[in-house]
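Residue numbers (the numbering used here), protein chains in the order written: chain A, 140 to 253; chain B, 523 to 636.
It should be emphasised that the hints constitute simulated quantities derived from the structure, not laboratory data. The beta-carbon is built from N, C-alpha and C at its ideal position, and this holds for glycine as well. Hints may be right or wrong, so weigh each one.
To be verified - Covered stretches of chain B (chain A as the covering partner; in silico rule of three or more C-beta atoms under 8 angstroms from a C-beta of chain A):
(1) 566 to 574
(2) 623 to 630
To be verified - Straight-line alpha carbon distances no greater than 25 angstroms define the calculated BS3-like cross-link-like pairs of lysine-lysine that follow:
(3) A:Lys-196 <-> B:Lys-525
(4) B:Lys-592 <-> B:Lys-525
(5) B:Lys-560 <-> B:Lys-623
(6) B:Lys-592 <-> B:Lys-538
(7) A:Lys-196 <-> B:Lys-623
(8) B:Lys-592 <-> B:Lys-623
As the list claims (entries may be wrong) - Taking beta-carbon pairs under 10 angstroms as the criterion, some of the chain A residues facing chain B (in silico):
(9) Arg-169
(10) Gln-176
(11) Leu-182
(12) Phe-184
(13) Glu-187
(14) Glu-191
(15) Asn-195
(16) Gly-236
(17) Pro-241
(18) Gly-245
(19) Ser-251
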Amino acid sequence: KAGVTQTPRYLIKTRGQQVTLSCSPISGHRSVSWYQQTPGQGLQFLFEYFSETQRNKGNFPGRFSGRQFSNSRSEMNVSTLELGDSALYLCASSLDGFDNQPQHFGDGTRLSIL
Amino acid sequence: AQKVTQAQTEISVVEKEDVTLDCVYETRDTTYYLFWYKQPPSGELVFLIRRNSFDEQNEISGRYSWNFQKSTSSFNFTITASQVVDSAVYFCALRSSGTYKYIFGTGTRLKVLA
Numbered sequence: 140k141a142g143v144t145q146t147p148r149y150l151i152k153t154r155g156q157q158v159t160l161s162c163s164p165i166s167g168h169r170s171v172s173w174y175q176q177t178p179g180q181g182l183q184f185l186f187e188y189f190s191e192t193q194r195n196k197g198n199f200p201g202r203f204s205g206r207q208f209s210n211s212r213s214e215m216n217v218s219t220l221e222l223g224d225s226a227l228y229l230c231a232s233s234l235d236g237f238d239n240q241p242q243h244f245g246d247g248t249r250l251s252i253l
Numbered sequence: 523a524q525k526v527t528q529a530q531t532e533i534s535v536v537e538k539e540d541v542t543l544d545c546v547y548e549t550r551d552t553t554y555y556l557f558w559y560k561q562p563p564s565g566e567l568v569f570l571i572r573r574n575s576f577d578e579q580n581e582i583s584g585r586y587s588w589n590f591q592k593s594t595s596s597f598n599f600t601i602t603a604s605q606v607v608d609s610a611v612y613f614c615a616l617r618s619s620g621t622y623k624y625i626f627g628t629g630t631r632l633k634v635l636a
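Only chain A is shown next, with the shape it has when bound in the complex (with noise of 0.2 angstroms):
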């Protein structure tokens, strides 16, 4: 059984561009939350997202957005990036999205901003 895949795994952007990371969940997985990961910040919850509604968001700026669609695949996107956004970015599903079910990671994206 394939795992949770991120696409791509390294990018690298300038200032002020925006991108966009995508995320495969386990197949038949339909909760997918994403996390920026930083040294000494550990992971910060960004967005959860389950059939195709997003149900909490984490304290970032509007500039992270993110979207699930109907095949439970989900992106992620910032736009007009900053240095401070530079982080490994991590994707992670759940089968039900219910609070007693353990969270699969993909080996993240890593976004390094110039």
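Following the hints, put chain B in place on chain A, whose structure we already have.
Same frame as chain A, now just chain B:
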């Protein structure tokens, strides 16, 4: 407010030593779930264990054991007879019922030296 604190930023032990990773959480909810994840150098977070707030029974899985104490809001993780392969960053996470979000601690980097 919900919060997870992993006060130990980095721990170094010699192989075969026992080591305990601390996790303290804060939540006002009565129903919640606690998780431990391992992030090896390869990067992908791996689920280790889940505990719900109504089950304070400790658990042992091979060399791993977990101690959940609601009275002290702690969910500590002990590795017995550590091995080099245990070297990783370990994250503790909290999910309160109905919030659709996981709160992660900042992680503890464990280095096991041969």
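Hints, verified against the model:
With 6 residues carrying a beta carbon less than 8 angstroms from a beta carbon of chain A, the segment 566 to 574 of chain B meets the three-residue requirement, and the given coverage holds. A stretch counts as covered by a chain when three or more of its residues have a beta carbon under 8 angstroms from one of that chain; for the segment 623 to 630 of chain B and chain A the count is 7, and the coverage holds. Under the criterion of a C-alpha separation no larger than 25 angstroms, the hint pairing Lys-196 of chain A with Lys-525 of chain B is consistent with the structure, at around 16 angstroms. Distance hint between Lys-592 of chain B and Lys-525 of chain B is fulfilled; the C-alpha atoms sit about 15 angstroms from each other, no more than 25 angstroms.
For the proposed pair Lys-560 of chain B and Lys-623 of chain B, the alpha carbon gap of about 19 angstroms is at most 25 angstroms, so the pair holds. Only pairs whose Cα atoms come within 25 angstroms are accepted, and Lys-592 of chain B paired with Lys-538 of chain B is rejected, the gap being roughly 30 angstroms. For the hint pairing Lys-196 of chain A with Lys-623 of chain B, the CA-to-CA distance comes to about 8 angstroms; that is within 25 angstroms, so the pair holds. For a cut-off of 25 angstroms, the pair hint linking Lys-592 of chain B to Lys-623 of chain B stands: about 21 angstroms separates their Cα positions.
At a threshold of 10 angstroms, the smallest CB-CB gap from Arg-169 of chain A to chain B is about 12 angstroms, leaving the interface hint violated. At about 9 angstroms, the closest approach between the beta carbon of Gln-176 of chain A and any beta carbon in chain B falls short of 10 angstroms, and the interface hint on this residue holds. Annotation: Leu-182 of chain A was flagged as interfacial toward chain B, and the flag holds, the nearest CB pair being 4 angstroms apart, inside 10 angstroms. Evaluation of the Phe-184 of chain A hint against chain B yields a held restraint, the C-beta minimum of about 5 angstroms falling below 10 angstroms.
The beta carbon of Glu-187 of chain A is positioned within 10 angstroms of a beta carbon in chain B (closest approach about 5 angstroms), and the interface hint is therefore held. The interface hint given for Glu-191 of chain A is broken, as the beta carbon of that residue sits about 14 angstroms from the closest beta carbon of chain B, more than 10 angstroms. Because the beta carbon of Asn-195 of chain A sits about 4 angstroms from the nearest beta carbon in chain B, less than 10 angstroms, this interface hint is met. Because the beta carbon of Gly-236 of chain A sits about 7 angstroms from the nearest beta carbon in chain B, less than 10 angstroms, this interface hint is met.
Evaluation of the Pro-241 of chain A hint against chain B yields a held restraint, the C-beta minimum of about 4 angstroms falling below 10 angstroms. Interface restraint check: Gly-245 of chain A against chain B, minimum CB-CB distance 7 angstroms, threshold 10 angstroms, status holds. The interface hint given for Ser-251 of chain A is violated, since its Cβ lies 15 angstroms from the closest Cβ of chain B, which is over the 10 angstroms cut-off.
When the structure is compared with the earlier hints, violations turn up for hints 6, 9, 14 and 19 and for no others.
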